[in-house]
Amino acid sequence: MSAETTSTVARVLKPTILILIAVVAIASRLFSIIRFESVIHEFDPWFNYRTTQHLVKNGFYEFWNWFDEKSWYPLGRVVGGTVYPGIMVTSALIHNVLHFFNFPVDIRNVCVFLAPMFSGLTAFSAYLLTKELKDSSAGLLAAAFLGVAPGYISRSVAGSYDNEGIAIFLLVFTFYLWIKAVKTGSAFFGLLTALFYFYMVSAWGGYVFITNLVPLHVFTLLLMGRYSNRLYVSYSTFYAVGTLLSMQIPFVGFQPTRTSEHMAALGVFGLIQLFAFAELVRGYVSPKQFKTLLRSGIVAVGAVSVVGLTLLSLSGVIAPFTGRFYSLYDTGYAKIHIPIIASVSEHQPTAWTSFFFDLQMLIFLFPAGVYLCFKELKDEHVFIILYSVFASYFAGVMVRLMLTLTPVVCVSAAIAYSTLLDTYLEKSEHVLASNLKGIQAQSSVTDTPASNTPATTTTEAKAGGKKAAGKGTPAKTVTKAAESESKTHAKTHSDKKRYPIFNWDSRAMVIVQLTWFLFMFAWHCTYVTSGSYSSPSIVLASRQADGSQVIIDDFREAYYWLRKNTKEDAKVLAWWDYGYQMAGMANVTTLVDNNTWNNTHIATVGKAMATSEEVSYEVLRQHDVDYVLVLFGGVIGYSGDDINKFLWMIRIAEGVYPKEVKEVDFFTPRGEYKVDHEATPTMKNSLMYKMSYYRFAELYGGNAVDHVRGARMPAEGPTLSVLDEAYTTENWLVRIYKVKDLDILGRDLKDATAFEKGKVRKTSLLKRK
Amino acid sequence: MDAKSVVKFVAEGGNILIAGSSELGNTVRELSREFDVEYDTKNTAVFDHFNYDQALGKEKHDTIAVSPASHMSKIDAIVPLDQLPGPILFRGIAHSVNPRNSLLTPILWAPQEAYSWETANQEDTANQNPSITGKDIALVSVMQARNNGRIAFLGSTEMLSDVFFAASVKKHGDQEAKSGNRKFIEELTKWTFQEKGVLDVVAVEHHKVGEEEIPAHYRIKDNMTYTISLAEYHDGEWHPFAANDVQLELIMLDPYIRKTLDQVPLDAESTVGTFTTTLQLPDQYGVFKFTVNYKRHGLSYVESVTTVGIHPFRHDQYPRFISQAKPYYTSAASMGVGLLIFSFVYLWGGLDSSVKTTKKA
Chain A
1 MSAETTSTVA RVLKPTILIL IAVVAIASRL FSIIRFESVI HEFDPWFNYR TTQHLVKNGF
61 YEFWNWFDEK SWYPLGRVVG GTVYPGIMVT SALIHNVLHF FNFPVDIRNV CVFLAPMFSG
121 LTAFSAYLLT KELKDSSAGL LAAAFLGVAP GYISRSVAGS YDNEGIAIFL LVFTFYLWIK
181 AVKTGSAFFG LLTALFYFYM VSAWGGYVFI TNLVPLHVFT LLLMGRYSNR LYVSYSTFYA
241 VGTLLSMQIP FVGFQPTRTS EHMAALGVFG LIQLFAFAEL VRGYVSPKQF KTLLRSGIVA
301 VGAVSVVGLT LLSLSGVIAP FTGRFYSLYD TGYAKIHIPI IASVSEHQPT AWTSFFFDLQ
361 MLIFLFPAGV YLCFKELKDE HVFIILYSVF ASYFAGVMVR LMLTLTPVVC VSAAIAYSTL
421 LDTYLEKSEH VLASNLKGIQ AQSSVTDTPA SNTPATTTTE AKAGGKKAAG KGTPAKTVTK
481 AAESESKTHA KTHSDKKRYP IFNWDSRAMV IVQLTWFLFM FAWHCTYVTS GSYSSPSIVL
541 ASRQADGSQV IIDDFREAYY WLRKNTKEDA KVLAWWDYGY QMAGMANVTT LVDNNTWNNT
601 HIATVGKAMA TSEEVSYEVL RQHDVDYVLV LFGGVIGYSG DDINKFLWMI RIAEGVYPKE
661 VKEVDFFTPR GEYKVDHEAT PTMKNSLMYK MSYYRFAELY GGNAVDHVRG ARMPAEGPTL
721 SVLDEAYTTE NWLVRIYKVK DLDILGRDLK DATAFEKGKV RKTSLLKRK
Chain B
1 MDAKSVVKFV AEGGNILIAG SSELGNTVRE LSREFDVEYD TKNTAVFDHF NYDQALGKEK
61 HDTIAVSPAS HMSKIDAIVP LDQLPGPILF RGIAHSVNPR NSLLTPILWA PQEAYSWETA
121 NQEDTANQNP SITGKDIALV SVMQARNNGR IAFLGSTEML SDVFFAASVK KHGDQEAKSG
181 NRKFIEELTK WTFQEKGVLD VVAVEHHKVG EEEIPAHYRI KDNMTYTISL AEYHDGEWHP
241 FAANDVQLEL IMLDPYIRKT LDQVPLDAES TVGTFTTTLQ LPDQYGVFKF TVNYKRHGLS
301 YVESVTTVGI HPFRHDQYPR FISQAKPYYT SAASMGVGLL IFSFVYLWGG LDSSVKTTKK
361 A
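Chains as they are written, first to last, in UniProt numbering: chain A, 1 to 769; chain B, 1 to 361.
Note that these hints are calculated values from the structure, not bench results. Be aware that a few hints might be false.
So the derived label-pair ranges between C-beta atoms look like this [stated by the list, open to error]: (1) B:A333 <-> A:L293: 50 to 60 Å; (2) B:I257 <-> A:G316: 55 to 65 Å; (3) B:S323 <-> A:G253: 49 to 59 Å; (4) B:N293 <-> A:E663: 36 to 46 Å; (5) A:E614 <-> B:S5: 48 to 58 Å; (6) B:E205 <-> A:A715: 32 to 42 Å; (7) A:A276 <-> B:G349: 42 to 52 Å; (8) A:S260 <-> B:A332: 25 to 35 Å.
Small disclaimer: the values here were computed from a predicted structure and weren't measured. Using N, Cα and C, we set each Cβ at its ideal position, and we do this for glycine too.
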C-alpha cells in the first residue's frame, strides 16, 4: 500500500472511527434509561431540570431574574445570581432549535440526554487534544478511552443532568484550544480559548481549575526560560478576554479581581507583561546594563507585589481562600471547621480502589504517558505534565475531582499505548528511533539562538505545512514527518539508528497482550457503568432470593403524595439532601436544599431534628412548617437514611447552636452511636429518632429489628405529640409527618395528645395547702 | 356526653356555658380540667363572713355579694361595668384558673376574705387551711379558644336564677342595691354565644403606591399601601370596627417593620372599619408575611396573614451609568479611540514598507 492510499484510507477511517466512538460513548450511558426510565437522577439534576423548565417556559430574562420563593423559605433564593447557567441555557437552546424545526421534543428528554450527547463531543475534544500532543492515532485512542472511562461516565449517564455533564467537554476543549494557542501564538486561538473558558465559567465552578492551571503553565514555561511571543499573545488574549467575559456571569461577578483563587492568573498576567517589557528593553540596551536593570527590576516588582498583596489581603479587599479550597489543601480542615462540606460524601478523600475502579488499566498507563511527555517536553507537554500532577493530587483529596483527572489520564494513557503500538506494529522501521531523531531535529530548530522567529518550531510546521516550506532543512524534514503521520513516519529518515524488533513472536506477544488489555478495559467499563453508575438513585432496584428484580419507588411515591395532598404553599422541612428533589418532584416549598449557601438555616433544620419535641416545635412554628419528611431505611435496609446522616445534622447544628445541641449527648457512655434500648435519652427524645421509629415496633409486633444498624428495638416505641403521621411509603423509606397546630384550648400538645388518646387529667390543679 | 366530645364540639366552633354548684360531678370537673379550669372538690362552696348578702346568705354566709368595681375584670367587650346596677350575687363552688393559659380570663373573683370549704362540717375551718382563698377563687371565667369558640365557666347555677336576678343586695355596711346578676348574665351569655365582640376580616388589600392591583410580588424598597377592613358584630348586625391600636407587622422570621395602622374616618355610609398605612418595604428580599395579629380580651382573635415575596432588583432596574465608574468609561473609550488611531496610522500612516519586510523576515 502506498503512502497516498494509506492516507486516503486514514482520511475516511478517522471520521468513521470518531463517529463510532461517539456512538459507543453515548450508547454506554443509556443503561439507566433501558433499565429504569427516562428520568432525571439524583439531587442536583433536579434543580437544574427545574430551572431549565423555568427558562424554557418563561424566557431568558425571567430566568436571569428568577427569585425562587419556594426554596430556602422564608429567605428565598436569587436563582439567577447563584447559578451556573451554562447547562440550562444549553438545553433550552437545543430545545428551542429542535422546536423551531418542528421536532416536538420534551425538555425532559433534552435534559436527560444532554450529558451523553456531550460525552460524544468530549471524546472528540480528547482526540483533538491528544493529536496536538502526539498524533492522530493516539488521539483516536484517547477519544475511545475517554468515551467509556467510568471516571467520566459516573457523572454523565443519561439522566444525570448536572453541570459536570457539559463541563468536562468544555474543560478538555478549552485545554485543546489553549495548547493550540500556545503552539501557534495566534490571538485567534487565544480568543477561542477565552470564549470556551467563558462557556466553562458559565457551566461549572470547576472553571477555577482552568484559571489556575493555565497561568501555572505559563509560569512554568517562564521559569523554564521559554518565554516567547506566542506565549505572550496567547496568554494575554486569553486572560484579558476570558476574565472580562467570566465577570458577566452574575454568580462569578467581581470574584476574578477579588478572591485568592483568581489571583494567580492576575499575577501571571502581570508577570508576562514584565517579561515582555524586559524582552523589549533587552533589544535596546547592552547585556551588562540589562542584567543590572533586570535584577533591580525583579527585586522592586517582587517587593511591591508582595507588600501590595499582603496589604490587600489583610484589608479584606482580596477575599481569602474559601473553605472548600482549604479542604483541598488539608483534608481534615472541613471536618473540623465546615461540617457541611465534610458531610457530603463526594467531598471525602478518595479510596485508592476507586482509582482502579474508575480508570482500570489507564491508571498504570498514565505514568508511562507522563514519562513520554517528559521525553518530548515541548510547551504542550509541560501543560499535560502539570495537569496530571495537579489533577492527581486533587483527585486524591476529593472523590468528585476524579472527574477532572479522568481526561488527562485518558490522554496520557493514549500516548503511552499508542507509543507501544507504534513500536511493535511498525513493519520495517522503528518509531522509537524516528521519534528520537525527530526530537533532535526539533531541538536544533528551537535552540537556534539567532533565529528571529523562535516560534517556528516543528509544531508550527505541522500546523501549516505550506508556511514552513522554504525554510531551513531541518524544519522541512520534520514537516514531512508530520504530514506523513505515524505509519509512514519513519520512512523519511533513512539514516537513523535502529532498535530492531523483527521477531514476529515477540511482537505478537506484546500486541496480543495489549489487545487483551483493551478488551478487559472495555469489559470493565461496561460492567462498572451498568452496575454502579446507572442507578437513578430516586428509584432503587433490588433482587429477591429467586433473582427477580424489585423496584423500590418510595421516593417518588412520597413526593407525589406531597404534590397531590398538600396545599399549594405547604412548607416541608427535611434534611437538605432532599431539597431539590422535593422542589422538583413534589412542588412544595422547602426550607433548605442542596445549594447549601446558608449554613445557619441548615443548622436550624438540624436543630429541629436533633432537639426534643418542645424545642423543635418552636423552630417548626417559627418557620411555618407544615410537614416534616424523613428517610428511614430500617425496614428494607437502605443505609443512606437520615438516622445515618443524623450525626452530621447534629454536628452542623452544634456549630451554630452549641448550647442546645451537643454531639456528646448522642453517644452512649462507651462512645457508641446506638439506636436500640441503649440509646441515650437525648437521642431517644430527639425529633429525628422519634419520627424514624414511630410505630416501628408495632410493625413487627414488638420484635422490631432495624435492618440498617442491626439493632433490636425496644418493644415500646417512641410517642409523638407535636406531629401527626401523615404518610409512610410502602417500604417505610419515606415518612411524612404533619406539624400540629397549637392546641385550641391552650394546653401543651403533649397533654392534648394524651387527651385525644383517652387519658383524662386526673390530678387536680389545686393542692390542699 | 364525655369530655372528648365536648372538646370536639369546641374544636368545631361550638360555644359552651358551664355552670356548676357544690354538687358538681366528676365529668364536668374533668372536662373543665382540659380547659385549665379546676373546680374545687365536691360538696365545697365559697364562704365569706364579711361580704355575704344579708338576705340570702344569712345562715351560712355562702351567698356572697361581689362588688363589680373591684372584683370584676374590666373588659367592656364582655361585661361593661357601668351598666351593672349593683353587686353580683354568687352562691356555689369555687374554681381556679391556670394563670399560664393565656386564653383563659377570670371575669369575676371572690373578695379577699372569702374561702372555699366543705359545706357539711364548717367547724374544722380553724384547724385546716382551705384549698383556695380570696382572690384566687375564680367565680366566673371565660375562655376564647384559638378557633374563637367561647366557653364560660360559672361556679353557681343559682346566680342565673330569677331569685338572684330579682334580689336586692344588702351587704354588711353597704347600701342596699339592686343585684347586678341579670345584666351580668345577659352580657356574659351574649358574649359566650357570639352575639357580640365578634370581629371579622372583611378584606385585605395591598398594592404599590400609584397602582391598584395586588401584585404577584414586590421589589425591595417599594412603597406600598396595606389596607385591612374589619367589621364587628353586635346587636344582631355588623358594624364598622373602630380602634386605634391595630398594627401591621412585616415578618420574615423576625418582624422587620411594625407599624400602627391608621383608621380611615368613619362616616354614616361606612359598613366596615378600614385601617390603612403606606410604607416603604425593607431593603431585604425574601418571603414576608404581612400580619395583622390583633388579639384583645373579649374580641375574637384577628390573625390575618398575607404571604408576599419581596424580590431583589431586576437586572435592568439598576442605574445604567454610575458616576463612580466614570474613570473606567473614559479609559475604555480612550482605549477604543487609541486603537482606532493606531490602526489607521499603522495601516495607512505612511510607515515605510521596508520596515515591514525586515520585520517579517
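We went through each hint and held it up to the structure:
{"no.": "1", "hint": "B:A333 <-> A:L293: 50 to 60 Å", "in the structure": "violated, 35 Å"}
{"no.": "2", "hint": "B:I257 <-> A:G316: 55 to 65 Å", "in the structure": "violated, 31 Å"}
{"no.": "3", "hint": "B:S323 <-> A:G253: 49 to 59 Å", "in the structure": "violated, 21 Å"}
{"no.": "4", "hint": "B:N293 <-> A:E663: 36 to 46 Å", "in the structure": "holds, 38 Å"}
{"no.": "5", "hint": "A:E614 <-> B:S5: 48 to 58 Å", "in the structure": "violated, 28 Å"}
{"no.": "6", "hint": "B:E205 <-> A:A715: 32 to 42 Å", "in the structure": "violated, 57 Å"}
{"no.": "7", "hint": "A:A276 <-> B:G349: 42 to 52 Å", "in the structure": "violated, 24 Å"}
{"no.": "8", "hint": "A:S260 <-> B:A332: 25 to 35 Å", "in the structure": "holds, 27 Å"}
In the structure shown, a violation is registered for the earlier hints numbered 1, 2, 3, 5, 6, 7, in ascending order.
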